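Student: Keeping the supplied structure of chain A fixed, place chain B upon it in accordance with the hints.
Protein sequences appear in the order of chains A and B.
Counting from 324, one number per residue, gives the positions in the first sequence under our numbering.
Counting from 9, one number per residue, gives the positions in the second sequence under our numbering.
Keep in mind that the hints were calculated from the coordinates and are not lab data.
From a predicted model like this one, the values you see are computed outputs, not experimental measurements.
Heads up, the beta-carbon is just placed ideally off N, CA and C, and yes, glycines get one too.
Mixed in with the good hints there might be a few duds.
Stated by the list, open to error - Here are the simulated DSSO-like pairs of lysine-lysine, each with C-alpha atoms no more than 30 Å apart in a straight line: (1) B:Lys482 to A:Lys350; (2) A:Lys391 to B:Lys268; (3) B:Lys447 to A:Lys350; (4) B:Lys808 to A:Lys350; (5) B:Lys548 to A:Lys350; (6) B:Lys521 to A:Lys350; (7) A:Lys350 to B:Lys514; (8) B:Lys483 to A:Lys350.
What the hints assert, rightly or not - Across the chosen pairs, the derived CB separations fall in these ranges: (9) B:Gln167 to A:Asp416: 26 to 34 Å; (10) A:Asp416 to B:Ala46: 25 to 33 Å; (11) B:Ser682 to A:Ile366: 27 to 35 Å; (12) A:Asp416 to B:Met698: 47 to 55 Å; (13) A:Asp416 to B:Glu38: 33 to 41 Å; (14) B:Ala242 to A:Asn347: 30 to 38 Å; (15) A:Ile366 to B:Lys48: 56 to 64 Å.
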Amino acid sequence: MAVCIAVIAKENYPLYIRSVPVQNELKFHYTVHTSLDVVEEKISAVGKAMADQRELYLGLLYPTEDYKVYGYVTNSKVKFVIVADSSNTSLRDNEIRSMFRKLHNSFTDVMCNPFYNPGDTIQSKAFDSMVSAMMVQAS
Amino acid sequence: MQWPLQIIYFSLFTSLYTSLAQQLPRESMEWRRSYGRAPKMIHLEANFVQFKEELLPKDGNRALLTFPFLHIYWTDCCDTEMYKASVKDDMLRWQSTLRLHGSVDWLIVVVESEAKKKNKTNILPRTSIVDKIRNDFCNKQSDRCVVLSDPLKESSRSQDSWSAFLTKLRTLLLMSFTKNLGRFEDDMRTLREKRTEPGWSFCDYFMVQEELAFVFEMLQQFEDALVQYDELDALFTQYVLNFGAGDGANWLGSFCTPVKRWSGLLLRRPIDMEKRELIQRGEASLLDLRSYLFSRQCTLLIFLQRPWEVTQRALELLHNCVQELRLLEVYVVQGALDCWVFLSCLEVLHRIEGCCDRAQLEANCSHTVGLWTYATEKLKSLGYLCGLVAEKVPTSEDLNRTVDLLAGLGEERPETVNSLQSPYKKLNEALSSVEAFEKHYLELSHAAMEMYRAIGRMRSARLIGKSLAEFYMKKGDPERAEGFLDDSLRSYVAEGWSLQVTHTRKQMAECQKLLQQTEDYLQTSALLAGDANLTVEERKHFCQEILTFASQPPAPSGEHTNTLMAAFAQLRQMQFSPPGAVVHVGAALQLELRVRCLMPVAMQVEQLAATLHFSLEQGGARGRAGSAQRRAGHGPQGQGDGVVLFPQGSPLAGAGMGASLLPALELYEMQDRSPSDSSLTSTGVVCKNMHLLLRRHDSSASLDTPTAGALPAAVAVDDGAQMLRARDITLQPGDNSILFTAPTGEPGSYTLRQLCGSVGRVQFVQSHIYPVVQYEVYSQEPQLTIEPLSDNLLAGIPQKVTFTIATGHYSVKKGDALQLSNTDSMPILHSSCCSATVLSKRMGESALSIQSSEKVTSISLPPTPPYHTLEFQLEVLCHIPPTPFKPDIERLTNGEVRHRPKNHSHADSGMINIDQKVSIDCPWSIYSTLIALTFYVPFKARHSILSAGKRKYIQVCLQNVSDTNFHLADPVLTERQPTVSMELLSLNVKTQQPVCSQQSVFCLWEMRWAKPLPLCLHCAFSASFAPVSFQLDRVSVSIRKTQKTLFFFFFPLKAEISPPSGDQHCRTGALCGLEVSITRQAEPSETEGEEEESTEIEGLRTTKLMYEVVDNSSNWAVCGKSSGVVSMPVAASATHRVQMEVMPLFAGHLPFPNIKVFKYLPHNAVPAIQPDTDSCLENDTISLLDKGLDDQGDTASIRSRGSVHSVGSGEQQRGLPMPRLEPFSPGQVFYWSQGRQVLVLPVTDDHVMEVNVT
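Isolated chain B (complex conformation):
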């Protein structure tokens, strides 16, 4: 319907009317508006109405729709006479009428026609009709008169005048419109301001403002039109709210009348005139007003191409209406509002469908789905109200209610009578029968669910699904309900919404009970019985359900009904005793399991069993306790206390978190050692729960969360051969402790796999125990170790060693004995008070009997059970072997040859150690066990021979290299082959001497001999010693022997400096004679002689010696030969003299120059083995003796003084077959003139200092 602006014309040419009405809106005009509103381009449309006086608005009537905006007077008068005669009067009358009604917007159109002009020739051009009219009517308003020339002709002139006329018409019309609209708006505002006055009526005001909206709509200003309606809407809403706040307006009373009609929105007509009239009459109900208002808004929004706003507003409107009716306390028949909402929803949806294509609709599901859902909800509540949701047919009461509701719908609107799918028809049909209701309800529900799914609102979809499930349950159709419930339950469990889970699960239980899904029902019941959200009574009820089933006679097949354990009880912790969880075969291992029972009452569990997975592990098979312990340290129970804690979290709330939160990484150190020498081959870090971490996390509920749906197949109880079992336990609600005894029959590792509790027919199964719980059983070979009590064993003193026998799997029977092979070097000293200790949980001591025969020491062991430790101590003594050790092989009594004391220096302390191997025959083995004990020799001895003239001394230096302090007593030196001629006179103190750690003691003997001195002497040194801590006791003192070979030949070397002949003293600068005499003191023995480097010269054996005179202090200058080689005959008292010349360089008491003597080995000699310093030497050669020639510094000094070249050590070093020099060992050469001085006088008279005195 259109409302063009009213233009009232006075005597119009009907021939012009159509073209005028058509062409007027063709061009837009800029419309400038008041109150700073933005100017708009509008097209003006006009309705031309014949002038009638009654059409003119009365005073105060501001109805815009019928308001004449412009008055036009048409005339084609071209005759002055005629004008004067009739037209002018007519125009005057018209004008006065207009003025009477306050209309100032008028226009006079003079239509000129050529044809008429020609007819009237007497027309004066100067005084045309137009001028006259202008003169008469348009004083100052000359534009109010327009000339239109020949509008029906096609001439350019006529067209120009036509378009000029149209422009003029538009301008004037717009001017008038703007002016009148402004006035109208002002009036409207005034009216609105009066709303607080009594008697103000909203309906009246509504009509006024709606008129404005109509005008805007006419001008295609839909936005502005919509604003008018929105303002009305807001005003009304505010009134309702104020009413709610106690500020009631009188006019609202009409809206508070009980609702009698609930026919829903009507959006198919642009204007619902019926309702408009109701409003106009003030008879509209709230629903009528709201419906009308919304239908108008809807129309405008659709004009504005905003259909989705319609749906949104519709939903708001419907919610709002329901609220408002409640607020206004309007009486509505129960269900009437549901009908209204349902119809309205569908009407809006139909309207939207009518103006959008399918693709658009589908793309905008999110906007419509709310309406669909709302409609579904309302239909559902209607269904419940009218008894359509039941297995039975509706009662008569229900039917009455239905009839009442349908009556309120009234007749179907004529617009939709022919439509098959009209909301009216749908509602009528749905309420007509149970079947029809179901059909419609399902259709709506599925449509809404589909839409929710399409836009990804899964939770909303599930909620509808759940209400569908409730519907099916009411209808007694649990099969179809199950799927929806299961779907919802999964999602709630996955997201951890416990209250919903409980609620849905309760419904699920009901459903499963009806479906007789026993296992599932038991599972759900178990979950519900342990659900903290339920009351104790409810929980007890579900618990009773389980017990009732459990107490039923078992199924004929004897099978149990398996249910997940998690619902029934929660594992808290497991504790091993002993805590290491590593035991030997047959040992007692207990496992304490703490279980939190979730049931509300005490449960009698016939059997609680955990199946064990047994694997033969290397560690167990190898029988090494060490390896087993190491493994245990890596295990998850390796906290040291043997406690395995299970991750907590209630099965309900925790499940959601568990599904979304990743389990923590469990990393373990992995070391791979090579089997041969246990060196590290590779090492790394292993993730033990990789299978959990790398699992796909898909959107569907994870399988490990207990759901009420089909149980996973893993619940199957596996029948392990080994089990942990506890029978007839009563599980109290809350924490319970159950003790298992673990089987330890075979070595290997045992892993707990499944936990299964049986209550009658029902088995509660926990298919995996996580974290992994395992224990190990090992088998160990018996072992014997011998360890010293102190850090080091010292040779020579009796010390205790501990024998430890780890019995392992062997049980020591009565009569079992250890057979120790005796060795001479290490006797076992057994005292009578030997006792053995059996280490186990309780200490036991038993006597140990030791029988010693010549070759074997037999220790009979007390009977000891397996896996115990037997300990006893024995005193052993290792003799210090005589030095030097001979690398001989001592045979063991049992014929083994490997027993060989080995000497080598202790790495840091310099102690010599002796590895003493003990061969033991153990009763558990046919082979002997060899155990090495290391003894350290606490002393080191050195000897030296000191000479003083003809006297000889033997000095023995005994160094304590051990950490122990000793007392030393009775040092004795004896000859090996005692000779009468030889006597050793001790110069030592008689008392015992302390020898502290790392200190030395010196002993001295003087040698006295009668006969010629033997060349070589074999002596033995012995002393008693005992640790300081012991009382020095002859018995306990050990003997330490040292064998020495002493050398008693030597060369006394005499040097004599004689002054030059004729002089009494030596004088500086004067050559003196140096005579060196070397004497062989004794003849070497035959045996020793063979080793000597001697040469046969003319049947005479000689030894070559080299002498050298060196003076380091530059006191002497050796003149001539300073060194030389002499041959000494091998005979006692053979003497060799050498003459040399030296010159003192200073005066005073000068020490003698140094004389060195070396053994001279000629070049043809075999590059000899460095003769042992201890071995005997025989040399004949005389030489000067002081230092080794290899001292390069000395050689250089000799050379610098121009002395004779030494018999080159330089060449020797190059490895050529040159003669070699070898120094004598100390004591072999006695240097008589050591320390002697000779007086050298300065040259006295020969030089006179001439002093000239002037």
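Next comes chain A alone, as it looks inside the complex:
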């Protein structure tokens, strides 16, 4: 399961970022922020004409010694980033994809909330609990 899940706005500021364990929060923030480089690279690599049929899942953005960073971009250029522990070898690509799908669905629900102001940080409890379910339970 994931150790860090982030939702990043089109303008590249974090809408939501959560990580376990908490003490490593800063490191994850750095990791997620840096991964935006690769996200942008991958988005621009897909031709403009192909943008419509582009797959939202960007795959492994980059591996580090300890973590694997996966990316996903919605059509409105909102980025989802999932950081998984490298030692967690049981995590397959398909599971990551389904995690992103779940994340996207939940994010859509948040956006549909008439009281949510697009561009604000996400404070939805439903979203939070969904993210928690995808996170590694800090033992």
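Tutor: Just chain B now, with coordinates in the frame of chain A:
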């Protein structure tokens, strides 16, 4: 190194060997493979080995590399005897040996030579050696024996046989290869299936599968070869993972031994035999196995021209190895893995550099940059580990660790000994000294940063920059760290990543403190003190830093240190009181500022000041409160409650959003009115924040976000003349409310520009206050208005009017008085109970004294301060002027001539109104103020004279045109010049009568006279009235006068119809006589007479009248003349008779025909002014009177009956100088025979109806 297929030959011609080995791989063969794999074209290469028995594979040994795929027996025997004697036996022995070892792939080559044949002439062609051999060995396998004729000769025959031989050789070799390979693969799979059995060794299996890979590689099937390695890789990885999951295999134990050597990858050799041997012996460590595996994969990938996959795989491998070692809990000396990774990274990069040119490398930075970064990271951690990143020299402990690490590297490989830049040398050097480490570390870091920049990964580049900054800070070199930190900080701020911002800012603070950049440090401290991401202790620490600095004695120059306010406190809202933010000069205006203090502790602010920008605005100068209010409504604070809200958002997170999100459009309505008549000249919409919207949005962090870098120059405090000031405030953490008193000394508009808070030496400056906050101060001229209490003022009744004095800037002193010029038409009725109200915050009432002299009413005002409103009421009465109004000019007492009551009809109600101007002398002005009051006359009067025979009546119709109901009483009609002979007898009710709105009342008087009737009478009508709501009171009743002129001359007109002579009655069809007699009743007065149209005929004044007889009901036929002109002498009782003939057309009581009389004005008369109906007329002419001749319908009817042409009105209308007709006004002609009837009998006897009865 090459591994050609083994072909073992038995007694070969060495002369053929070279050409055979060369020519065999020249042509490709189609290789059909099992398991549905796609066929491939391959070139077979062979190694020819002399037959030895020990070379033959033992049973079960399936080593492909040494496997003899084909056995060839060469012979040049052409002699049967010799064949039988030796060769056959030899071949048999060979065959049996082969069979013993299970080799079925063999070939017998018989080399024929012409030369030999010639020598042996006794050879029987039928039984050649070949046939014999075939017969002996190749039963059913005739193709196993080949004849090669003269291979060394250049003849065509020999070449044909040579190529046929080669083809045969290739086919057989491929067949054998395919067969044996299939068997090998099957065996390999079997071996793999046994992996769960105890005693199975990965290393053994590795060797087997690698052999397959070698074979594929030999066949140039690198793809297939790579697959073998990848399979091995995956298998191994799976085992490690299983081990991690608790499913350990025994053989893995050998890989779990502590790592003793970390010399990195070796990619320069195609096969690292050392490591291969280690694996073969089962002594390889995990790193050895992985290194070897990767080196093989790398070799193959480079063969496949896929160098970038190498780099990608390398990174994966390195990460994976680190993970695996961790997973397997292999003991590794601390830092050893870093060394291994570092060396490996560089080795891979070197290898890639070796096979690509520079341009290719640069174009593919994105593939290599990961390795560069990884190497940099590892070198950095090594540096920290070995104490190379410090200001001090490494300790002995550090040195020991370094030595241990270097020992694990072993000797440098022979391949790189001569290379100056080998990874081994680099690492050795880097770890040798602090300086060398710095050099290498910087080199790597910069290389990686450059590459990241080149491929546009700015964030990654900055991250490296930040770690460089950390390095510099450790080295005690804050100057160089600052730039990197600043760069990173800007980007984090711009993108709104608060945690990074906080972290970097903390580092920045440290850096700035070392650099003694006081202002920047204060700014950063302020930002950190207000940073919610930090703990309270940290925030307090930074807050204390500011306070410590602030409490230092001021700088000798006395200058303050300026810092941005945004870090210190946030503006929340401003509220004006009064809310309109528009006040008059000198008025109190308070401004409440709500500030959110971001500091963790209460701050003592010595002064909080806002500079004001003052501009003299037209609105203020003009002194019109109205315009000022209108402007305020347009201002940003125009929500009506005087509250200005500042856009929210925390300065940290909000900055990023603020930079990326555009500010909202702020549009205002703009109206341009012409100064003269304030008509609209143009209107439009103005965008007030255009400068923000149209600004270039470049990638660099916007200037308005607070950064820890150099502060923008705008922080300079500008010294405005006017300031809002609050002293000695304690700002508690959170929201604070500060009250300012705004200066309102001069009229104009004041805009808040800067906010500046001083804490000791430190000033917190907010350079712009946005949205714009401004207030206006105006100065107003005193104004006096008079307004009625009700909607309309009615003339004739006393009504109250309100005097309102807006004092403006003038203060009413004791003794100031309003001087009202009295007019007769509008006296001011003052009662004793007058009092004035001073309107201000509290209501005050004070008495008002009114002195009235003949010409002037003086109202002394109570003292009133400026910008107050004074109100009092006075009762006024406007007399109804006698009608008709004379357009005369009444002079005012003060000599002004403009005071003139003007009459004109009220547009809709038909009320006549009177503009009554009042001239007032005000104490604040030397000029008189003229104020017009409009009164409406509530009644309209009409009169008419009614005649009944000789009796005369005057009827006055009084119509109430106002909306008020009145009581009317005592209608009186009096003569202007009372004559004894005349008496007016009232026929009216004595009681008062109600006159409702829009209703009329009629009054009637009978005239009695003794003497001859006067021609004209001037009467005055008067009545008392009062509104219904009032008690009818003689005193309060107003008088309304009407002047009338009555006309009392008239023409009694008598008509008589006489039957034809001799007859008693008129009969139908018989002509009757019509006699019309017109009598002048009275003589016109002299004055009136002058206006008359009279002609002098032979000294006798006559008036011409025209008469006309018209019958509309077709009862009569006028025979002969039906109209005519008569001259009436101007004398009383002058009578004129006219005879006419008419014929009744029906029998019965017929009404008399209509007779009309007109004044006849001859053509030479001046085209007269239509004489006023009220004016006197004198006419002598007799005429028949009924209707106006201008009724065309009537004229037509006259004509149709063939009657006399009327004296043409037709011609008159054309404007020719024709005589004109003019009707009399009602009452002037009395028609005696109106309504009379005459009996007409039908013709009786003359006609007998003959009735024949048969």
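Student: Hints first: check each against the structure and report whether it holds.
Tutor: Each hint, compared with the structure:
1. B:Lys482 to A:Lys350: 20 Å, holds
2. A:Lys391 to B:Lys268: The given pair, whose Cα atoms are some 29 Å apart, holds under the 30 Å limit.
3. B:Lys447 to A:Lys350: 27 Å, holds
4. B:Lys808 to A:Lys350: Violated, because 85 Å separates the two Cα atoms, which is more than 30 Å.
5. B:Lys548 to A:Lys350: Answer holds: Lys548 of chain B to Lys350 of chain A is near 25 Å, not above 30 Å.
6. B:Lys521 to A:Lys350: 25 Å, holds
7. A:Lys350 to B:Lys514: 15 Å, holds
8. B:Lys483 to A:Lys350: Satisfied, since the Cα-Cα distance of roughly 23 Å is no more than 30 Å.
9. B:Gln167 to A:Asp416: 26 to 34 Å: With Cβ atoms ~59 Å apart, the hint is violated.
10. A:Asp416 to B:Ala46: 25 to 33 Å: 27 Å, holds
11. B:Ser682 to A:Ile366: 27 to 35 Å: The hinted range 27 to 35 Å is violated for Ser682 of chain B and Ile366 of chain A, with Cβ atoms some 58 Å apart.
12. A:Asp416 to B:Met698: 47 to 55 Å: 51 Å, holds
13. A:Asp416 to B:Glu38: 33 to 41 Å: With a Cβ separation near 38 Å, Asp416 of chain A and Glu38 of chain B satisfy 33 to 41 Å, so the hint holds.
14. B:Ala242 to A:Asn347: 30 to 38 Å: 31 Å, holds
15. A:Ile366 to B:Lys48: 56 to 64 Å: 40 Å, violated
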